[in-house]
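Based on the provided sequences and hints, a complete structural model is requested.
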Amino acid sequence: MTEPTPIKPTEQQGPEFAIQRLYVKDLSLETPNSPKSFLEPWEPQLHMDLATDASLILEEGVREVVLTVTVTVKLKEKVAFLVEVKQAGIFAMKGFNDEQSRHMLGSYCPNILYPFAREVVSDAVMRAGFPQLYLAPVNFDALYEQSQKEAKH
528 MTEPTPIKPT EQQGPEFAIQ RLYVKDLSLE TPNSPKSFLE PWEPQLHMDL
578 ATDASLILEE GVREVVLTVT VTVKLKEKVA FLVEVKQAGI FAMKGFNDEQ
628 SRHMLGSYCP NILYPFAREV VSDAVMRAGF PQLYLAPVNF DALYEQSQKE
678 AKH
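In our numbering, the protein residues as written are 528 to 680.
Watch out, some of these pointers could steer you wrong.
Stated by the list, open to error - Computed list of lysine to aspartate or glutamate pairs in DMTMM-like fashion (alpha-carbon distance at most 25 Å, straight line):
(1) Lys605 - Asp650
(2) Lys603 - Glu570
(3) Lys552 - Asp668
(4) Lys679 - Asp668
(5) Lys613 - Glu557
(6) Lys603 - Glu567
(7) Lys613 - Glu587
(8) Lys563 - Asp650
(9) Lys679 - Glu626
(10) Lys552 - Asp576
(11) Lys552 - Asp580
(12) Lys676 - Asp580
(13) Lys603 - Asp576
(14) Lys603 - Asp650
(15) Lys676 - Glu626
(16) Lys613 - Glu646
(17) Lys621 - Glu543
(18) Lys552 - Glu611
(19) Lys621 - Glu586
(20) Lys601 - Glu611
(21) Lys601 - Glu570
(22) Lys563 - Glu611
(23) Lys605 - Glu570
(24) Lys676 - Asp576
(25) Lys613 - Asp668
(26) Lys621 - Glu672
(27) Lys601 - Asp553
Treat the hints as calculated values from the structure; they're not laboratory data.
In structure tokens:
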């Protein structure tokens with residue numbers, strides 16, 4: 528009788544990606560005109576800025592990505608509130624070529640981080656006494672493509 532041949536686990540083919548940790552790196556809330564802003568009719572003018580930083584390399588194949596979301600709401604040209612959150616994540620990536628890595632860091636990871644940042648912003652605004660704020664979804668793929676086109680010119 529022959530001995531059975533042990534089956535070796537197959538090595539994974541292709542790139543590997545894992546979320547190691549998601550966290551709020553920084554949070555700031557300013558309400559410079561309260562309590563006067565609570566007495567104004569609620570006709571907000573919202574402005575949102577986004578920025579992504581993936582420059583920190585923690586170790587080979589492990590990167591920190593930080594998505595900064597800054598929201599300013601004005602009432603009649605006066606700032607009602609300004610909130611800024613730096614939502615961060617530690618991501619392990621292996622087997623991606625340079626172009627794929629740039630896309631992962633510039634689009635895929637921010638897509639993961641944004642819903643968490645949106646929740647932090649909404650919670651901070653409500654705790655400051657203002658009506659709940661719903662931030663629209665963001666198409667990070669389109670923003671990434673636009674930044675790549677601008678970088679080529």
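We went through each hint and held it up to the structure:
1. Restraint check for Lys605 and Asp650: the C-alpha separation of about 22 Å stays at or below 25 Å, so the hint holds.
2. The hinted pair formed by Lys603 and Glu570 meets the criterion: a straight-line CA distance of about 8 Å does not exceed 25 Å.
3. With a CA separation close to 24 Å, the supplied pair Lys552 and Asp668 stays within the 25 Å bound.
4. At roughly 17 Å between alpha-carbon atoms, Lys679 and Asp668 fall within 25 Å of each other, so this suggested pair holds.
5. For the proposed pair Lys613 and Glu557, the alpha carbon gap of about 15 Å is at most 25 Å, so the pair holds.
6. Annotation: proposed proximity of Lys603 to Glu567 holds, straight-line Cα distance about 9 Å (limit 25 Å).
7. With a CA separation close to 23 Å, the supplied pair Lys613 and Glu587 stays within the 25 Å bound.
8. Taken as a hint, the Lys563 and Asp650 pair is honoured in the structure, with Cα atoms around 21 Å apart against an allowance of 25 Å.
9. For the given pair, Lys679 sits about 14 Å from Glu626 by alpha-carbon distance, which is consistent with the 25 Å threshold.
10. At most 25 Å may separate the alpha-carbon atoms for a hinted pair to count; Lys552 and Asp576 meet this at roughly 17 Å.
11. At most 25 Å may separate the alpha-carbon atoms for a hinted pair to count; Lys552 and Asp580 meet this at roughly 12 Å.
12. At roughly 18 Å between alpha-carbon atoms, Lys676 and Asp580 fall within 25 Å of each other, so this suggested pair holds.
13. With a C-alpha separation of about 20 Å, the suggested pair Lys603 and Asp576 falls inside the 25 Å cut-off, and the hint holds.
14. Using a Cα cut-off of 25 Å, the hinted pair Lys603 and Asp650 holds, with the two alpha carbons roughly 24 Å apart.
15. Note on Lys676 and Glu626: the hinted pairing holds, with a Cα-Cα distance of about 14 Å set against a maximum of 25 Å.
16. Between Lys613 and Glu646, the direct Cα distance comes to roughly 12 Å. Compliance with the 25 Å bound is thereby established for this hinted pair.
17. For the given pair, Lys621 sits about 5 Å from Glu543 by alpha-carbon distance, which is consistent with the 25 Å threshold.
18. Annotation: proposed proximity of Lys552 to Glu611 holds, straight-line Cα distance about 11 Å (limit 25 Å).
19. Taking the CA atoms of Lys621 and Glu586, the gap is near 12 Å; set against the 25 Å cutoff, the hint holds.
20. The suggested pairing of Lys601 with Glu611 holds, with an alpha-carbon distance near 15 Å, which does not exceed 25 Å.
21. Proximity of Lys601 to Glu570 is assessed by CA-CA distance (about 8 Å); at most 25 Å being required, the pair is judged to hold.
22. Restraint check for Lys563 and Glu611: the C-alpha separation of about 22 Å stays at or below 25 Å, so the hint holds.
23. Of the pairs offered as hints, the one joining Lys605 and Glu570 holds, with about 12 Å between alpha carbons and a cut-off of 25 Å not exceeded.
24. Taking the CA atoms of Lys676 and Asp576, the gap is about 20 Å. The hint holds against a cut of 25 Å.
25. Under the criterion of a C-alpha separation no larger than 25 Å, the hint pairing Lys613 with Asp668 is consistent with the structure, at around 20 Å.
26. For the hint linking Lys621 to Glu672, the alpha-carbon distance of about 22 Å falls within 25 Å, and the restraint holds.
27. At roughly 22 Å between alpha-carbon atoms, Lys601 and Asp553 fall within 25 Å of each other, so this suggested pair holds.
In terms of the numbered hints stated before, the structure departs from none.
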